[in-house]
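Asker: Place chain B on chain A using the hints.
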Amino acid sequence: MVSANNELTYDSKIEGDVIVTRADAVINWIRSNSMWPMPMGLACCAIELMAVAASRFDIARFGAEVMRFSPKQSDCMIVSGTVTYKMSSAVRRIYDQMAEPKWVIAMGACASTGGMYRSYAVLQGVDRILPVDVYVSGCPPRPEALLDALVKLQEKVKRERSFSKLNTA
Amino acid sequence: MPKALDAIAALKGRWAGVSDRASLDQPAINVPAPDLLAVLGSLKADHGFDMLSDISGVDWGVGASPRFTVVYHVLSTTGHEYVRVASDCPVDASPEVPSATAIWRGADWHEREAFDMFGIRFAGHPDLRRILMWDGYPHFPLRKDFPLSGVDTDLPDLEVVAETKTNAIAAPMAGGPFVAAPGQINMTEAEPRAKDESWNERRPKPGA
Chain A
188 MVSANNELTY DSKIEGDVIV TRADAVINWI RSNSMWPMPM GLACCAIELM
238 AVAASRFDIA RFGAEVMRFS PKQSDCMIVS GTVTYKMSSA VRRIYDQMAE
288 PKWVIAMGAC ASTGGMYRSY AVLQGVDRIL PVDVYVSGCP PRPEALLDAL
338 VKLQEKVKRE RSFSKLNTA
Chain B
3 MPKALDAIAA LKGRWAGVSD RASLDQPAIN VPAPDLLAVL GSLKADHGFD
53 MLSDISGVDW GVGASPRFTV VYHVLSTTGH EYVRVASDCP VDASPEVPSA
103 TAIWRGADWH EREAFDMFGI RFAGHPDLRR ILMWDGYPHF PLRKDFPLSG
153 VDTDLPDLEV VAETKTNAIA APMAGGPFVA APGQINMTEA EPRAKDESWN
203 ERRPKPGA
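As given, the protein sequences belong to chains A and B, one line each in that order.
Number 356 marks the last residue of the first sequence (our numbering); no jumps.
Number 210 marks the last residue of the second sequence (our numbering); no jumps.
This is chain B alone, in the form it adopts within the complex:
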């Protein structure tokens, strides 16, 4: 029996809230946010999952509840197995889970990125600042209610704004997003291009 399944069985025996999570690849569990740190700590200390490989956030959509989920991938460098741990954020309006930085120092920048992109706060994080967007950016770009092209915002440096009279604009999509067509063998056809080429920056969208 793989070590990961042993570990999950042990965790389920110890915390009643831990449940199996549907997964196509490695074993996965759902953990309620209050138990999250204890479960992650046990995975590291008792079951040899010594490396935190990734932390990611999920936004299930504006109306969904729970809206935000945090997903951890932990790796056992001795057993060569992964376990996926998912935890729903209890409050949809202000998503927050405890920080794993006390268990893995490497959680620091992963959590900053999840905070930057989704606005998920990590309680107890030593330095929860944005990591990709600039400080003071007012939005969380990977939320479902944020358009891919962005929204009008001031540039990071207000001196540059005053000098150049420009700002961060909603990028002109012009029929985009420019994505490759799936399943195309012909490379010319599969090339990323606008799905709707009837309009562009110069010609406005018909009927809009």
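Isolated chain A (complex conformation):
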């Protein structure tokens, strides 16, 4: 039996498949589930990064399998390995070339703090030149640890105001 009140609510037969939500929720949902990495593989951590992308650990389950060696097409730089001072200018330049919004994962002890390289030649943590979002401990980290970092980054992205990064850029 049809009552007059039903016409005031949502009727899929009339309006089609419409979902009401917030712009932030949609944009962040899209961003966090298509986080294309920039694989900044600099040392042995890069081998683990390859393992993460391969079938056993399969980072594609989290929408981040599209490793792009082009900063234009990537959202998240995964700094995996020892950043020497000589390499630091290239790392910073590639980060600058990435389009906003962009995030950084420091993978492993060397990228996070310089690691065991207390040396004249090694940058003591990539956070000295880049804004790092997630640090991963380990030397090198297990692939699961990097997947966890990606999930943590996705959670962080989902909490962001989606336009805040664009306004400050």
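Keep in mind the hints are simulated off the structure, nothing from the lab.
Some hints here could point you the wrong way.
From chain A, some residues computed to sit far from chain B (all C-beta separations above 12 Å) [claimed, not checked]: (1) S199; (2) Q260; (3) R280; (4) P318.
Chain A side only, calculated, beta carbon under 7 Å to chain B, not exhaustive [what the hints assert, rightly or not]: (5) V207; (6) S257; (7) K273; (8) S276; (9) R305; (10) Y307; (11) R315.
Being a predicted model, the structure only gives us computed values, none of them experimental.
C-beta: ideal position from N, C-alpha, C; glycine also.
Answerer: Here is chain B on its own, set in the frame of chain A:
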């Protein structure tokens, strides 16, 4: 008699400055810098030492004289023998020896590395630039008067310096260097760790 010893005897007969050098393994000779290229060339041309395996530098310390030595390892690929050739740099303040690139093309990058790490110049080198550290780095890191942790220096890219307000710092050693204890059987004990763990980045060194 091994071919290497024959070669050394012949070299000593031909150049008065060539002398035996104390060695625990392969035969070794000392050669004065002016004779160096002629001796290396003779080793290659007359005695079959056709491969330059390595060039390394030695810094004997700030007060030592001669302070810098260049060491060549040459291999005979037919006789399967090595000869070590060492040559002291004549001037301690500006060490320089002639370049071996005309004899072995492979000397090129070895000499660039010795120049990069020790500041030893190789006269006649076609392209004597730094090879490991960046161009414009003001120090020679493997000299004895250079600290392992490094010294404050600008980063290679001054734009990055302006953007990030950071530079190449003296690495915090925090009780380091982190080296394995020799002679330890227990792997946990032998693991590289700080020798002095009473201080770290957060807690300053007592009494310092």
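Asker: Work down the list of hints and note, for each, if the structure agrees.
Answerer: Results of checking the hints against the structure:
1. S199: holds (53 Å)
2. Q260: Holds: least Cβ distance 23 Å, greater than 12 Å.
3. R280: violated (8 Å)
4. P318: Incorrect as stated: the minimum Cβ-Cβ distance to chain B is 10 Å, not above 12 Å.
5. V207: violated (42 Å)
6. S257: violated (21 Å)
7. K273: With a minimum Cβ separation of about 5 Å from chain B (threshold 7 Å), the hint on K273 of chain A holds.
8. S276: It holds, given that the least Cβ distance between S276 of chain A and chain B is near 3 Å, below 7 Å.
9. R305: holds (4 Å)
10. Y307: holds (3 Å)
11. R315: Hint holds; R315 of chain A Cβ to chain B Cβ min 5 Å, cut 7 Å.
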